[in-house]
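A.B. asks: The lines below spell out each chain.
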Amino acid sequence: AQSVSQHNHHVILSEAASLELGCNYSYGGTVNLFWYVQYPGQHLQLLLKYFSGDPLVKGIKGFEAEFIKSKFSFNLRKPSVQWSDTAEYFCAVNAHNYGQNFVFGPGTRLSVLP
Amino acid sequence: EAQVTQNPRYLITVTGKKLTVTCSQNMNHEYMSWYRQDPGLGLRQIYYSMNVEVTDKGDVPEGYKVSRKEKRNFPLILESPSPNQTSLYFCASSLSGELFFGEGSRLTVL
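Going down the list, the sequences are from chains B and Y. Here the numbering used here is used: position 52 in the first sequence is 52, and no number is missing along the way. Here the numbering used here runs 1000 ahead of the position in the second sequence, where the first position is 1.
A portion of the hints provided could be inaccurate.
Claimed, not checked - Covered stretches of chain B (in silico footprint by chain Y; criterion: 3 or more residues with CB under 8 angstroms from a CB of chain Y, positions within the stretch not fixed):
no.	region
1	53-64
2	101-114
To be verified - A few chain B residues that face chain Y, going by a derived Cβ cut-off under 10 angstroms, partial list only:
no.	residue
3	Gln-6
4	Val-11
5	Ser-14
6	Gly-28
7	Asn-32
8	Phe-34
9	Tyr-36
10	Phe-72
11	Thr-86
12	Phe-90
13	Asn-94
Unchecked claim - Taking CB as the label site, the calculated pair distances span:
no.	chain 1	residue 1	chain 2	residue 2	range
14	B	Ser-84	Y	Glu-1053	15 to 21 angstroms
15	B	Ser-3	Y	Pro-1039	16 to 22 angstroms
16	Y	Thr-1020	B	Lys-69	26 to 32 angstroms
17	Y	Lys-1057	B	Ser-70	47 to 53 angstroms
18	B	Ser-70	Y	Pro-1083	40 to 46 angstroms
19	Y	Lys-1071	B	Leu-46	19 to 25 angstroms
20	Y	Val-1052	B	Gly-28	31 to 37 angstroms
21	B	Leu-56	Y	Met-1027	25 to 31 angstroms
22	Y	Asn-1073	B	Ser-3	28 to 34 angstroms
23	Y	Ser-1080	B	Leu-46	32 to 38 angstroms
24	B	Gly-62	Y	Glu-1062	38 to 44 angstroms
25	Y	Thr-1005	B	Leu-46	17 to 23 angstroms
None of these hints come from the bench; they were simulated from the model. Backbone N, C-alpha and C fix where the C-beta goes; we use that ideal spot for every residue, glycine too.
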């Protein structure tokens, strides 16, 4: 079965600090990869996605992620966080041979201090 | 406006009282799914549907039923709710692999 792990449960940063959130998945075949963000009290919104091609993908609000196939990883980065980035971040995987079964990681809560 | 609409947004009920959470999307998506979100566990898929009259179990289907009689609607049915089904529920639809989520329905079962 597929599984997704996220390295940190809660990350606390000051504004302007750099961010990297780790994500690893367990499936060895072809995958689609996603990062979703959930702002307090809101639903999940797509930050960025990887389907194929350039392993470095850029998303909204200055976020980017790098797919490293050999490490089964899809880490999220942002060079300089803002207070408004305070949210919960979820990594998700959709393995091609598993149809439409999306698997989400447990989430990482990011708190950015002003 | 493209959206996924869930109702009710908040519900407090008692053990054993059947309830339905509705989900409707206006994007003509074939794929729809239900998730529950619990602290520390992320989102877990309950059921999904590839198209009308086609549904399948996700990772945590026990205690839930779904139906897909129309493309736009995908209701989640709790025939006999129990306290362990207290959770935040999200409906989502998808085109080309990207999920679009509803606002969520917070359910409390006493």
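A.B. asks: Each of the hints needs a verdict: does it hold here or not?
C.D. replies: Verification of the supplied hints:
{"no.": "1", "hint": "53-64", "result": "violated (count 0)"}
{"no.": "2", "hint": "101-114", "result": "holds (count 7)"}
{"no.": "3", "hint": "Gln-6", "result": "holds (8 angstroms)"}
{"no.": "4", "hint": "Val-11", "result": "violated (15 angstroms)"}
{"no.": "5", "hint": "Ser-14", "result": "violated (25 angstroms)"}
{"no.": "6", "hint": "Gly-28", "result": "violated (19 angstroms)"}
{"no.": "7", "hint": "Asn-32", "result": "holds (5 angstroms)"}
{"no.": "8", "hint": "Phe-34", "result": "holds (7 angstroms)"}
{"no.": "9", "hint": "Tyr-36", "result": "holds (8 angstroms)"}
{"no.": "10", "hint": "Phe-72", "result": "violated (17 angstroms)"}
{"no.": "11", "hint": "Thr-86", "result": "violated (17 angstroms)"}
{"no.": "12", "hint": "Phe-90", "result": "holds (6 angstroms)"}
{"no.": "13", "hint": "Asn-94", "result": "holds (6 angstroms)"}
{"no.": "14", "hint": "Ser-84(B) x Glu-1053(Y): 15 to 21 angstroms", "result": "violated (43 angstroms)"}
{"no.": "15", "hint": "Ser-3(B) x Pro-1039(Y): 16 to 22 angstroms", "result": "holds (18 angstroms)"}
{"no.": "16", "hint": "Thr-1020(Y) x Lys-69(B): 26 to 32 angstroms", "result": "violated (43 angstroms)"}
{"no.": "17", "hint": "Lys-1057(Y) x Ser-70(B): 47 to 53 angstroms", "result": "violated (33 angstroms)"}
{"no.": "18", "hint": "Ser-70(B) x Pro-1083(Y): 40 to 46 angstroms", "result": "holds (44 angstroms)"}
{"no.": "19", "hint": "Lys-1071(Y) x Leu-46(B): 19 to 25 angstroms", "result": "holds (22 angstroms)"}
{"no.": "20", "hint": "Val-1052(Y) x Gly-28(B): 31 to 37 angstroms", "result": "holds (33 angstroms)"}
{"no.": "21", "hint": "Leu-56(B) x Met-1027(Y): 25 to 31 angstroms", "result": "holds (29 angstroms)"}
{"no.": "22", "hint": "Asn-1073(Y) x Ser-3(B): 28 to 34 angstroms", "result": "holds (31 angstroms)"}
{"no.": "23", "hint": "Ser-1080(Y) x Leu-46(B): 32 to 38 angstroms", "result": "holds (35 angstroms)"}
{"no.": "24", "hint": "Gly-62(B) x Glu-1062(Y): 38 to 44 angstroms", "result": "holds (41 angstroms)"}
{"no.": "25", "hint": "Thr-1005(Y) x Leu-46(B): 17 to 23 angstroms", "result": "holds (18 angstroms)"}
When the structure is compared with the earlier hints, violations turn up for hints 1, 4, 5, 6, 10, 11, 14, 16, 17 and for no others.
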